[in-house]
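**Student:** Could you build the full structure based on these sequences and the hints that come with them?
Going down the list, the protein sequences come from chains A and B. Here our numbering is used: position 67 in the first sequence is 63, and no number is missing along the way. Here our numbering is used: position 287 in the second sequence is 283, and no number is missing along the way.
No lab work stands behind these hints: they were computed from the structure. Built from N, CA and C at the ideal position, the CB exists for glycine as well.
In the PhoX-like style, the derived pairs of lysine-lysine whose C-alpha atoms are separated by at most 25 Å in a straight line are:
#: 1; chain 1: B; residue 1: Lys2; chain 2: A; residue 2: Lys204
#: 2; chain 1: A; residue 1: Lys204; chain 2: B; residue 2: Lys83
#: 3; chain 1: B; residue 1: Lys135; chain 2: B; residue 2: Lys71
#: 4; chain 1: B; residue 1: Lys71; chain 2: B; residue 2: Lys60
#: 5; chain 1: A; residue 1: Lys171; chain 2: B; residue 2: Lys171
#: 6; chain 1: A; residue 1: Lys84; chain 2: B; residue 2: Lys204
#: 7; chain 1: B; residue 1: Lys84; chain 2: A; residue 2: Lys204
#: 8; chain 1: A; residue 1: Lys171; chain 2: B; residue 2: Lys2
#: 9; chain 1: A; residue 1: Lys171; chain 2: B; residue 2: Lys187
#: 10; chain 1: A; residue 1: Lys84; chain 2: B; residue 2: Lys187
#: 11; chain 1: A; residue 1: Lys2; chain 2: B; residue 2: Lys232
#: 12; chain 1: A; residue 1: Lys243; chain 2: A; residue 2: Lys232
#: 13; chain 1: B; residue 1: Lys204; chain 2: A; residue 2: Lys83
#: 14; chain 1: B; residue 1: Lys83; chain 2: A; residue 2: Lys187
#: 15; chain 1: B; residue 1: Lys171; chain 2: A; residue 2: Lys2
#: 16; chain 1: A; residue 1: Lys2; chain 2: B; residue 2: Lys204
One side only, chain B facing chain A, incomplete, derived with CB under 8 Å:
#: 17; residue: Ile5
#: 18; residue: Gly153
#: 19; residue: Ile164
#: 20; residue: Glu175
#: 21; residue: Gly301
Far from chain A by the CB rule (all over 10 Å, computed), these chain B residues:
#: 22; residue: Val49
#: 23; residue: Ala51
#: 24; residue: Arg53
#: 25; residue: Asn93
#: 26; residue: Glu116
#: 27; residue: Pro283
Number of protein chains: 2
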Amino acid sequence: MPELRKDPIVGRWVIISTERAQRPSDFKHEKDEKKGGFCPFCNGNEHITPPEVLAYRQGGAPNKAGWSLRVVPNKFPALMIEGALNKKGDGVYDMMNGIGAHEVIVESPDHSLNLANLPEQQFEDVFWAFRDRILDLKKDKRFRYILVFKNHGLRAGASLEHSHCQLIALPILPKTVIEELNGSQEYYSYKERCLYCDIISQEIEDQKRVVLENEEFIALCPFAPRFPFEVWVMPKNHAAHFEDSTKHEIHNLSQIMQRTLRKLEKALGDPPYNFMLHTSPLSMANPEVFHWHIEITPRLTRMAGFERGSGFYINPTAPEVSAQFLREVDA
Amino acid sequence: MPELRKDPIVGRWVIISTERAQRPSDFKHEKDEKKGGFCPFCNGNEHITPPEVLAYRQGGAPNKAGWSLRVVPNKFPALMIEGALNKKGDGVYDMMNGIGAHEVIVESPDHSLNLANLPEQQFEDVFWAFRDRILDLKKDKRFRYILVFKNHGLRAGASLEHSHCQLIALPILPKTVIEELNGSQEYYSYKERCLYCDIISQEIEDQKRVVLENEEFIALCPFAPRFPFEVWVMPKNHAAHFEDSTKHEIHNLSQIMQRTLRKLEKALGDPPYNFMLHTSPLSMANPEVFHWHIEITPRLTRMAGFERGSGFYINPTAPEVSAQFLREVDA
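**Tutor:** Here it is, written out as structure tokens:
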């Protein structure tokens, strides 16, 4: 059973995989992305993965070919779905069992298509799958947060080439989410307004950092980005939970996300990137405070000791420059 | 002039280099570590760097050959030493001029020696240089914090092969330091004891995560490490400021650091790593609360979207396993 352990100083939780412990020799050679060869996510290889928890399909039986999108439990999960939390302490330390869900959203049966280039309807289905899975996992009262994210490219942490997203349901709130909630709460207490809503109206007026806009969403380079070409996608109207989005909103989100990813691909030559969906905790007493959004962070620079040691980032590209490039790229 | 900008949500500062702005084409190909060729840190090439701010030398004039350790301003500094902070706001946003010091500590004139393998006295001199530079920069009242760190190997962010450390003096407290101070303060308010002191006594009793100990220092794998083989080195007696260390303490620190780095090198085959010195802010009203330490983090795994999105780390190696390996490696 993996273990969740809390750093007693900064309160950061980590998942320690106590079972498949890696030893020094496991790290000596950097593992390469598997190119070619057998792929567990391809059409016809459904028997290799754990049984699907969701699939969109025109026909065919569950766990057989014929699907257009498929969600399966991760075969090597960071957390285990079965069991109780068993919170306990040891002197200054706190820990609990590594309980959680870890799922893979396979976006297409086609091995060679990357997310940005999926047909429009299939791209939109990825967001429907996020929503369907969040709504299902929300029923499990052990979970407090669900993080959906994507790793694209080896340098961004993708260990399999076939394009996919991941979802992790957690029994605790991640540190980053707590920080965003606290910051938003502090602003709300002072101003009685949502901080993200205020950011969005200032950005729309200013236009300097806006990449794209449609009826319901905005894509912008944030004022103080950690990384070159970092982009945030946000609903223009206040909304705390991604999973409450309407059909029309999912359609508009999908449209702006796909254009943003295509612009990044064209401007930067298919860069490695991550995106992370930051929605509200599953149970949220004050939904007026937090505003869900997606953070897209290309991997163009390396984090060095300064960033690790300080949480302070050096970004060689101003967001105004990134936004202008992305606006001008035709995609 | 670079700009310091604050993220209005989580309060994280970033340095935006507005002058040598990088454009998309600058990122298309990953830059390789410069192997061979001309090295600005080698003996005889002193005229290539900005004039030295500190050197330990047996003979020879300043900025000439003959030194054993040399500190120079970074030729491509992230922050500028000249100017006023000019704090200002723009709607929800806050910013100031990118004022600070950015220096390079060249540990040896020998291009081929890495830090772990320096002769004992030269290794110790590195820590004396940290201290000398901190004491000097402390006089500049614009600065609130000095971070000393090392990037070893390309994957850890070292852009030059010749072994060196770096120092950045900042007009604001870095986020990571604020978090450690807050956590320590909270514990102190409750227990009236230093959290780090309590961790050290629990670890000494437990022994499971201890790598090395000498009269005055301990090297241990922390209970909730972000990374495999992460090691913290701490003075066993309470001390808030690294720069207040005695001659005897610097000697003992140097001895335990060198053995720890050699153990990591031997166990993991010269892995890329970072280390970061976390000392107290330059002005500290309550020195009983914070305990300086050095965090050493090998780069064996990749940070993916989950870590970026959550601040939550998955670590495949329990610290008890890391510590046992490091204890058993002869170095």
